[in-house]
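S.K.: Chains as they are written, first to last, in the working numbering: chain A, 4 to 113; chain B, 552 to 663.
These aren't lab readings, by the way, just hints derived from the structure by calculation. Beta carbons: idealized from backbone N, C-alpha and C, even for Gly. Check before you lean on any hint, since a few could be wrong.
Said to hold, decoys possible - Okay, the calculated bits of chain A under chain B, using three or more residues with CB under 8 Å as the criterion: (1) 44-57; (2) 61-69; (3) 72-81; (4) 93-103.
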Amino acid sequence: EDQVTQSPEALRLQEGESSSLNCSYTVSGLRGLFWYRQDPGKGPEFLFTLYSAGEEKEKERLKATLTKKESFLHITAPKPEDSATYLCAVADNYGQNFVFGPGTRLSVLP
Amino acid sequence: EPEVTQTPSHQVTQMGQEVILRCVPISNHLYFYWYRQILGQKVEFLVSFYNNEISEKSEIFDDQFSVERPDGSNFTLKIRSTKLEDSAMYFCASRGTSGIEFFGPGTRLTVL
């Protein structure tokens with residue numbers, strides 16, 4: 004059974020204070036690892052897909068990396084508008100659905 | 552930019568009543584999904600739908616739930632007899648050839 008855990012559960016940063024969020028996973032044949040951002044009361048918003056160990060993707064202040072067991076979402080010089088819950092999900096080669104982690108709730112203080 | 556839409560945004564119903572949640576997936580997508588998120592908990596898979604039939608479903612998706620694609624654009628989730636524990640955000644998602652699932656804004660279902 005595919006499993007996804009995320010840490011920390013919550014993270015408070017000062018504006019400009021860089022940090023990383025962790026997503027650890029176990030999956031039988033990784034089809035892809037996906038990062039989403041979720042604002043309160045809204046649907047998950049797609050950020051990145053990673054398919055193989057060593058892959059990296061960047062978008063503005065965010066950078067996602069992937070190893071065989073975990074993924075990191077690095078946030079460089081965050082701004083208050085980066086405050087959200089960041090969700091990690093995996094898809095395996097055998098099913099079609101995603102398995103989501105519990106998320107990391109990020110707060111960036113001005 | 553194409554997006555998944557869902558209606559209504561909020562549905563309040565009495566326990567035991569039937570509800571239908573509606574979704575319009577992105578037009579050229581072929582895979583459709585329903586997920587739910589109970590307040591404060593993780594997003595959970597309910598069902599996937601491809602080629603006019605259910606391709607996968609979770610343990611949550613019991614006989615009280617059904618899905619349908621009644622025409623070329625809508626995708627619906629029906630809950631036959633709602634329970635208090637069905638209160639949650641319900642998200643529709645669709646996927647094309649990219650492998651990425653795009654989510655709608657959700658329907659907040661409140662069962663009283």
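S.K.: Next step is simple, just say for each hint if it's right about the structure.
M.R.: Hints, one by one, checked against the model:
no.: 1; hint: 44-57; verdict: holds (count 7)
no.: 2; hint: 61-69; verdict: violated (count 0)
no.: 3; hint: 72-81; verdict: violated (count 0)
no.: 4; hint: 93-103; verdict: holds (count 7)
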